[in-house]
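Asker: Residue numbers (this note's numbering), protein chains in the order written: chain A, 2 to 346; chain B, 56 to 364.
Don't take every hint at face value.
As the list claims (entries may be wrong) - Label pairs and their calculated CB-CB ranges:
no. : chain 1 : residue 1 : chain 2 : residue 2 : range
1   : A       : Met2      : B       : Arg64     : 28 to 34 Å
2   : B       : Ile265    : A       : Phe14     : 48 to 54 Å
3   : A       : Ile36     : B       : Glu166    : 49 to 55 Å
4   : B       : Thr77     : A       : Phe14     : 44 to 50 Å
5   : B       : Glu166    : A       : Trp233    : 15 to 21 Å
6   : B       : Asp113    : A       : Val320    : 54 to 60 Å
7   : B       : Gly358    : A       : Phe14     : 26 to 32 Å
8   : B       : Gln231    : A       : Phe14     : 33 to 39 Å
9   : A       : Gly237    : B       : Gly236    : 23 to 29 Å
10  : B       : Thr130    : A       : Phe14     : 42 to 48 Å
Worth flagging that the hints you see were computed from the coordinates, not collected in a lab.
Every residue, glycine too, gets a C-beta built ideally from N, C-alpha and C.
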Amino acid sequence: MRDSLKQLTLTRFREFVREPEALFWSLAFPIILSIGLGIAFRNRPAEVVQVAIVGDSAGAAPALDALRKAGGFAAERLDSTRARLALRTGKVAVVVNIPATGRVEFEYDDTRPDSRIARVLANDAIQRGAGRADPIPATERYVRDRGSRYIDFVVPGLLGMGLMGNGVWGIGFAVVDARRKRLLKRFMATPMSRAEYLASFLISRFVLLVIEVLMLVGFAALAFGVPVRGSWLQLGAICALGALAFCAVGLLIAARPKTIEGANGLMNLAMLPMWILSGVFFSSENFPSAIQPVIQALPLTAVNDALRANMLRGAGLDVVGPELAIILAWAAVCFVLALRLFRWR
Amino acid sequence: MTDTALAIRALHKSYGDVHAVTNLDLSVTSGECFGLLGPNGAGKTTTIEICEGLLEPDSGDVEVLGMRWQTNERTLREHLGIQLQETQLSEKLTVTETVRLFRSFFQAGREVADVIALVQLDEKSTARVGTLSGGQKQRLAIACAIVGDPKLLFLDEPTTGLDPQSRRQLWELIDQFRTEGRTVLLTTHYMDEAERLCDRVAIVDHGKVIALDTPRALIASIGAEHVVGFTLEVEAALDDQALRALDGVSAVRRDNHAFELESTELRRTVPALLAFLERQRLPLAELHTHSATLEDVFVSLTGRHLRDA
């Protein structure tokens with residue numbers, strides 16, 4: 002490696018490592034976010050259904066029995082006033098009235114989904130307890146798979162978001178700051194190679210990328226058991242390609258602005274739509290089909306889809322061909338435009 | 056082309072309607088320190104940046120070290136040392152890292168440690184640039200400019216904003232560079248700096264060279280070696296003609312209530328002035344004299360002072 006390229010690359014690392022805030026936002030922040038989301042959206046065990054039973058008739062005791070036997074209920078006998086209060090304050094999901102043997106009345110708010118489920122389940126248990134036989138025997142098989150939880154969905158999204166943020170901010174701010182400080186112009190006054198100057202950004206970006214990916218994916222795997230079903234090598238390739246595309250976007254954004262404020266506005270303009278539309282925190286399928294072609298063409302959507310295909314479905318690179326093509330196209334178009342528009346002073 | 060380091064002919068540069076440089080000719084000889092002296096906005100920076108190949112002139116011919124920017128940019132860059140106004144070097148890097156970075160851009164150059172020692176930053180070599188004082192930062196900028204072992208050094212207002220001690224340190228540094236037989240082109244709006252450092256000075260105003268010679272010859276050209284300045288206790292309409300007629304006076308200038316007489320012979324002018332004021336019964340508020348400087352040259356050429364032009 003030529004000494005100038007080495008020194009430029011070392012400069013990139015020094016500037017990055019000696020800026021504690023940059024370190025935090027690019028390396029620690031995605032992990033903190035994944036911890037928060039992992040806790041907030043952790044899968045709880047199947048919930049116990051809270052039921053109140055009202056009525057002195059002889060039918061009340063067998064109903065209580067039936068609920069206990071069925072399991073999954075926390076049922077208690079209350080008088081009608083307290084039962085109503087418990088329902089209103091959400092302590093129970095449904096009140097079961099047994100006015101006489103052989104009759105049952107459910108009291109609940111039909112707009113509350115948990116109440117409607119509780120009504121169906123309680124009714125089911127009571128009817129079976131009273132001797133109902135199902136014409137078709139049914140058995141259950143629970144699927145609580147790693148890979149289908151929210152945390153599994155969100156970690157590849159956070160990874161993609163990190164690739165975008167670090168590419169765009171990492172290059173954009175550094176270049177615009179150098180232009181603002183007349184440092185770019187000063188470099189132009191030396192025999193420095195412009196290609197090497199730009200290459201130093203890419204090299205440092207790729208090295209940091211490895212750290213970034215290993216930290217987030219490693220943490221998610223250890224703490225939450227988020228799977229990487231595809232090949233690690235291919236995951237690395239997707240990340241590298243994504244990083245390249247976002248570096249190109251960052252370079253394009255940084256091609257002209259002379260102030261950090263100006264660059265910041267452009268960066269937000271570029272990234273905000275992708276944070277929302279590209280399926281970081283929730284699936285991009287939620288948006289109307291009319292704008293789906295646009296969403297699918299965004300680089301972050303392609304990166305996120307490819308990362309999820311690899312990590313969650315174990316898909317190979319051949320499966321994510323279209324996504325990779327989109328990412329490559331963004332990289333190529335943005336680099337060409339950036340180099341054409343770039344102001345060195 | 057051995058002995059002309061820099062030749063500029065008929066240089067023009069405008070920004071919109073503003074003519075920054077108009078029909079400017081200059082020639083800098085190898086081994087000399089050449090100064091562009093003028094007030095802010097005179098076109099000094101535009102001129103030097105065109106010479107540095109950082110700005111395109113609208114028209115005119117620029118030849119640096121016998122080469123032209125259009126055809127020999129790469130070679131030229133290897134042989135020029137440049138310090139720009141207002142460059143902020145990366146604050147996160149240390150002094151050594153910064154100089155080493157600049158050294159790496161040049162195929163040949165000086166030892167990093169030697170250059171740092173030369174600009175007297177050895178004690179600060181591991182300090183971050185962000186912790187340096189203004190004078191130290193400026194010496195670092197010079198270190199970055201000379202680490203490529205340039206034949207020609209461009210300095211754009213190297214001491215602007217520095218304290219007197221830092222300025223003297225920088226002057227010594229520039230002197231030292233010169234004694235090695237290299238060429239320096241510097242811009243400044245400090246007349247004392249130009250007088251102290253430069254073999255020849257071009258006084259620039261409104262994008263034109265209005266005078267060019269050695270500092271001594273420029274001062275001699277105004278036909279006066281001394282300046283007598285005075286103010287009166289009361290406002291009085293003094294007759295310029297009468298003052299001009301005083302012994303030894305070659306020119307009279309006034310700035311509101313302050314008068315300045317250019318004098319060829321102080322020992323005759325001062326008694327004559329005192330006697331003249333005595334006769335007019337005008338008491339003096341202040342009287343001072345100084346040897347003529349480049350500042351006086353500028354004032355006599357433009358009627359304005361360098362600092363408020």
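Asker: Against this structure, judge whether each hint is valid.
Answerer: Here's how the hints hold up against the structure:
Separation of A/Met2 from B/Arg64 is about 43 Å and departs from the stated range, judged on CB atoms against 28 to 34 Å. At about 51 Å, the beta-carbon gap between B/Ile265 and A/Phe14 stays in the expected band of 48 to 54 Å. The hinted range of 49 to 55 Å is satisfied by A/Ile36 and B/Glu166, whose Cβ atoms lie roughly 51 Å apart. Distance hint for B/Thr77 and A/Phe14: a CB-CB separation of about 48 Å, consistent with the stated range 44 to 50 Å.
For the pair B/Glu166 and A/Trp233, the beta carbons lie near 46 Å from each other, so the given range of 15 to 21 Å is not met. For B/Asp113 and A/Val320, the hinted distance range of 54 to 60 Å is satisfied, since their beta carbons lie about 59 Å from each other. Separated by about 56 Å at the C-beta atoms, B/Gly358 and A/Phe14 break the suggested range of 26 to 32 Å. Between B/Gln231 and A/Phe14 the CB atoms are about 35 Å apart, so this pair conforms to the stated range of 33 to 39 Å.
Checked against the given bound of 23 to 29 Å, the beta carbons of A/Gly237 and B/Gly236, roughly 56 Å apart, lie outside it. Range check, B/Thr130 to A/Phe14: about 32 Å between beta-carbon atoms, so the 42 to 48 Å window is missed.
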